[in-house]
Amino acid sequence: MFSLTPKEDKFFEFFVETANIAYKASNMLVEFLKDLDNSEENLKKLKEVEHEGDRKQHQILEQLNKTFITPFDREDIYIIAKDMDDIIDLIESAASRFVMLNVSKVTKEAIILGDMIAASCKEIITLMEELKNMKTSKYLNKKIIEINRIEEEGDRVSRRAIGDLFRSNIEVIEVIKWREIYQYLEDTLDACEDIANVIEGVVMKNA
Amino acid sequence: MFSLTPKEDKFFEFFVETANIAYKASNMLVEFLKDLDNSEENLKKLKEVEHEGDRKQHQILEQLNKTFITPFDREDIYIIAKDMDDIIDLIESAASRFVMLNVSKVTKEAIILGDMIAASCKEIITLMEELKNMKTSKYLNKKIIEINRIEEEGDRVSRRAIGDLFRSNIEVIEVIKWREIYQYLEDTLDACEDIANVIEGVVMKNA
Amino acid sequence: MFSLTPKEDKFFEFFVETANIAYKASNMLVEFLKDLDNSEENLKKLKEVEHEGDRKQHQILEQLNKTFITPFDREDIYIIAKDMDDIIDLIESAASRFVMLNVSKVTKEAIILGDMIAASCKEIITLMEELKNMKTSKYLNKKIIEINRIEEEGDRVSRRAIGDLFRSNIEVIEVIKWREIYQYLEDTLDACEDIANVIEGVVMKNA
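Chains as they are written, first to last, in our numbering: chain F, 1 to 207; chain H, 1 to 207; chain D, 1 to 207.
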């Protein structure tokens, strides 16, 4: 039988909490993209969520350093905390490009990629909720496959969007701006996939 | 004396197999660059090899998770599998830029960098073949130095190519496209060097 | 009581030495930015310091592989050596952009970012000097916070600089060049923050 002490349980709780912060940030990104008229204000709110993520990461690392026996590899707990923080940072960075580069009109593909980031972050919540049942859960593997599928689909969307960008007749300076925005959106989906892959490794090791 | 059980031997076999997949991909890149008229079709074939690499990486990780005693640090086996996968992914990404950015003419420098990637991947095969003899092999160190040399030379080639690009009178949009292509080619050589450095560490630890 | 054998002490010495090399490189970058007329020659000198850093990293890894008991986690020693090397490499890469992209006039913001890199590298020296007293040092935490503060401030400076760049009327080709230079300067400050975060983890674990 597999049983957890309250202390070990703490990590699973923290991971669910971080996943919820990432999901909140991803929803704010979705809204951000639809409301570029208020991008500066909306970015400030997103920055607050980013700081919330920083504090949660710090909490996990502190817990890690005072816990002698961890529910799975220390190193993996450390990597999950770091990778979750990367997702949230990248969401903020993607949004900040619109302010920095003074982009006031969104594209269809950016909206699609934003929705995919939110979809991926939602799956990550379930991953984290199921993690404590990793020995028996039937959902984990499905969710991991789904996050990988979203990333591959996102790759296709952004490659097509970038291709269209270079084929279009818009000004070069706009091409550069959008090239950068798509890169950040794609990197965010990659970071979601990284989490899925780390969790896959943890599940395999503890099977 | 140093002796391996069949199970441990498996990892060395897998690494040689992944190195062969990377080398195959690098040769396809070399051909790809010489046949941009058929870039879409050629890219599809390269994507298949990328998936072959994915499956091999998965096989290594599964083997890792069911093997209790590994021939060297688990973490290093994990990193080698991941870094080999990165090389193959980057080769595909480099090729995909030509399709995505609608680039139909190659440059001399891209050809040179493609050849260097293939040369580096060839050295990696020998690295992997010699890895099981790491305590006695005289080749390993030479090969590691050679891969590092290729990366440094590649850095010079791509810096010069990018410099020429910005000094030329070609359209800005073309400068952007080629800046991106050179970056991917350079990143691929960096990924080859990463593998050489990880192997160097493994050899040092087990000397 | 906490006491170190001469061998263990060696790592702390090496880290101080690498930090001094990084600080030297950062000061050369500061000078480099003020003397772009001699950028090719100055870059050569910076490359020599980069090689000095490579040799020091190699020395640390060799020491690591012949030391059975390390003063703290082997993995962290490895990461610190690697991250310090990244800082020095990025400083050289940032400078090399000016030569590669044929940029002969500096901006106010590049100067500011250069100064911030030097300030951050100076703090890293103190971090490394205090590391051997990690159980009692009162400075470590302050220095870590300061390096994080510099990185956040640098992020604001570079985001503003890039924003201004895209809003200005300079030629697009110049926008591309400067976008790339600012990226390297920002990445260097990020690499300094990475070191601070790794040290923070080491201190927490050994508290």
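Hints listed in this document are in silico derivations from the structure and should not be mistaken for laboratory results. Keep in mind the model is a prediction, meaning the values are calculated, not measured. A portion of the hints provided could be inaccurate.
Put simply, identical chains are the same to the list, so a pair is met inside one copy or across any two.
What the hints assert, rightly or not - With a straight-line Cα cutoff of 20 Å, these simulated DMTMM-like cross-link-like pairs (lysine to aspartate or glutamate) come out: (1) Lys205 with Asp76; (2) Lys34 with Asp86; (3) Lys45 with Glu153; (4) Lys10 with Asp190; (5) Lys82 with Glu171; (6) Lys205 with Glu62; (7) Lys142 with Glu62; (8) Lys82 with Asp187; (9) Lys47 with Asp35.
Here's how the hints hold up against the structure:
{"no.": "1", "hint": "Lys205 with Asp76", "result": "both (11 Å within a copy, 16 Å between copies)"}
{"no.": "2", "hint": "Lys34 with Asp86", "result": "neither (23 Å within a copy, 35 Å between copies)"}
{"no.": "3", "hint": "Lys45 with Glu153", "result": "between (29 Å within a copy, 19 Å between copies)"}
{"no.": "4", "hint": "Lys10 with Asp190", "result": "neither (27 Å within a copy, 30 Å between copies)"}
{"no.": "5", "hint": "Lys82 with Glu171", "result": "neither (38 Å within a copy, 39 Å between copies)"}
{"no.": "6", "hint": "Lys205 with Glu62", "result": "between (24 Å within a copy, 9 Å between copies)"}
{"no.": "7", "hint": "Lys142 with Glu62", "result": "between (32 Å within a copy, 17 Å between copies)"}
{"no.": "8", "hint": "Lys82 with Asp187", "result": "both (15 Å within a copy, 18 Å between copies)"}
{"no.": "9", "hint": "Lys47 with Asp35", "result": "within (16 Å within a copy, 38 Å between copies)"}
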